[in-house]
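Same order as they appear, the protein sequences are chains W and Y. At position 37 of the first sequence the residue is numbered 37 (this note's numbering), and the sequence of numbers has no breaks. At position 19 of the second sequence the residue is numbered 228 (this note's numbering), and the sequence of numbers has no breaks.
Since the hints were made in silico from the structure, they are not lab data. Because the structure is a prediction, the values reported are computed rather than measured. Be careful, since some hints might not be right.
Per label pair, the in silico range of CB-to-CB distance [claimed, not checked]:
(1) E43(W) <-> G238(Y): 19 to 27 Å
(2) S135(W) <-> E262(Y): 28 to 36 Å
(3) G25(W) <-> D312(Y): 36 to 44 Å
(4) T199(W) <-> P265(Y): 56 to 64 Å
(5) P154(W) <-> K259(Y): 39 to 47 Å
(6) I181(W) <-> P265(Y): 29 to 37 Å
(7) G25(W) <-> D236(Y): 14 to 22 Å
Output of the computed footprint for chain Y on chain W, the stretches with three or more beta carbons under 8 Å from beta carbons of chain Y [as the list claims (entries may be wrong)]:
(8) 9-17
(9) 76-84
(10) 141-147
Note that CB positions come from ideal geometry on N, CA and C, so glycine has one too.
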Amino acid sequence: MPENFLLTDNDLNKIFQNLVISILGFDEQAATWKAWKNGDRQEAQPFNPYYFVRLSWPEVGAPAWKISEDVCFLKCTESDDEINKQRDKTRLNVDDITSSEKVDYTRVITVNFLLYGPNSYKNSQLIKNELFKLSNRYILTQNQLFMVPDDKAPVRIKELFQGQWWHRTEFNITYNNHVTIYDEVNNITSAKIVVKSETSETTVNVVQN
Amino acid sequence: MIDVADIINDPDYAKDYTILRSNGFFDEGGFTETITEIPDYSAVLPTNTKDLEQVPEADRISGSMTFYSSIPLFVTRNNDTDRGNSDKLRFKNELYKIVKLLDYSDFGLYKAIATRISGN
Numbered sequence: 001m002p003e004n005f006l007l008t009d010n011d012l013n014k015i016f017q018n019l020v021i022s023i024l025g026f027d028e029q030a031a032t033w034k035a036w037k038n039g040d041r042q043e044a045q046p047f048n049p050y051y052f053v054r055l056s057w058p059e060v061g062a063p064a065w066k067i068s069e070d071v072c073f074l075k076c077t078e079s080d081d082e083i084n085k086q087r088d089k090t091r092l093n094v095d096d097i098t099s100s101e102k103v104d105y106t107r108v109i110t111v112n113f114l115l116y117g118p119n120s121y122k123n124s125q126l127i128k129n130e131l132f133k134l135s136n137r138y139i140l141t142q143n144q145l146f147m148v149p150d151d152k153a154p155v156r157i158k159e160l161f162q163g164q165w166w167h168r169t170e171f172n173i174t175y176n177n178h179v180t181i182y183d184e185v186n187n188i189t190s191a192k193i194v195v196k197s198e199t200s201e202t203t204v205n206v207v208q209n
Numbered sequence: 210m211i212d213v214a215d216i217i218n219d220p221d222y223a224k225d226y227t228i229l230r231s232n233g234f235f236d237e238g239g240f241t242e243t244i245t246e247i248p249d250y251s252a253v254l255p256t257n258t259k260d261l262e263q264v265p266e267a268d269r270i271s272g273s274m275t276f277y278s279s280i281p282l283f284v285t286r287n288n289d290t291d292r293g294n295s296d297k298l299r300f301k302n303e304l305y306k307i308v309k310l311l312d313y314s315d316f317g318l319y320k321a322i323a324t325r326i327s328g329n
């Protein structure tokens, strides 16, 4: 049976986290960081792009950031829409006894980009513009994520925290996400049909050739 | 200056507990931490009641304890060389996370209010 294509929340987080890292120009640093992390860590810790592109809702908490640092936080959540109510079912024959059922549907994923730091607004423009580029959209389409071009302006509102106003810009982008799941179902290979009247009863066995 | 560490470490008040010190880094998928266990022996007192919260799904328990220590305690910190979450404190098989820290180190002690994180 073919494999399901159903991105988990972790898959979505990692896809967008790595894409934003790439958009911000941290590809090389990300590779260096991964090599250091997976190595013996004898050398000093290199620049870590994952410090600057993070996921919201860290389970056990996480250290914050400084007012001078440009940090992007991501949230990937599913949203309700007309399109997610439809499911297409296709029956695929596997053998005489079982069939594979293919179910296709579309989820609507909202990605929230929350940026802090002196360049938060500038970076919001950069990320947004890059997400519209065909090359970046291609990366997402490989994961069955298709941008919904319903563009809304970023919200730039500073935040007061401990006596200082922190730069803050936020925007959302929505994606349609095609999901495919497979299930194995048994075929009906024979049936016993009983026809009854008040006076008689006839049984017919129907068997698949 | 008065050093009150002797009082909080006095066997009349002190109890065994363990400091679980977090140290970690940001990574693909989130913050990854490693935990170092540091045994401590100092005064521990309840801060408030152990509360029962009845939600439709189950009974959830909250509460907090006050820990005194002559060993430096930390809330979440973000230094270039030392990055980690608030200390967790294991006392009588319950786990607490520091949410308030009073640095009385000039007098030889730290006072921490820690919230119960087991949830059940």
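Cross-check of the supplied hints:
At about 23 Å, the CB distance of E43(W) to G238(Y) agrees with the hint of 19 to 27 Å. Our hint of 28 to 36 Å for S135(W) and E262(Y) is violated, since their Cβ atoms are close to 50 Å apart. Range check, G25(W) to D312(Y): about 40 Å between beta-carbon atoms, so the 36 to 44 Å window is met. The supplied range of 56 to 64 Å is met by T199(W) and P265(Y), whose beta-carbon atoms lie about 59 Å from each other.
With their beta carbons about 45 Å apart, P154(W) and K259(Y) fall inside the hinted range of 39 to 47 Å. The beta-carbon spacing between I181(W) and P265(Y), approximately 30 Å, falls within the hinted interval of 29 to 37 Å. Against the hinted window of 14 to 22 Å, the Cβ-Cβ separation of G25(W) and D236(Y) comes to about 19 Å, which satisfies the hint. Interface restraint, the segment 9-17 of chain W with chain Y: holds (4 residues with C-beta to C-beta distance below 8 Å; minimum three).
Counting residues of the segment 76-84 of chain W whose CB lies closer than 8 Å to any CB of chain Y gives 0, which falls below the minimum of 3, so the coverage claim is violated. Against chain Y, the segment 141-147 of chain W contributes 0 residues with a C-beta closer than 8 Å to a partner C-beta. That does not satisfy the three-residue criterion, and the hint is violated.
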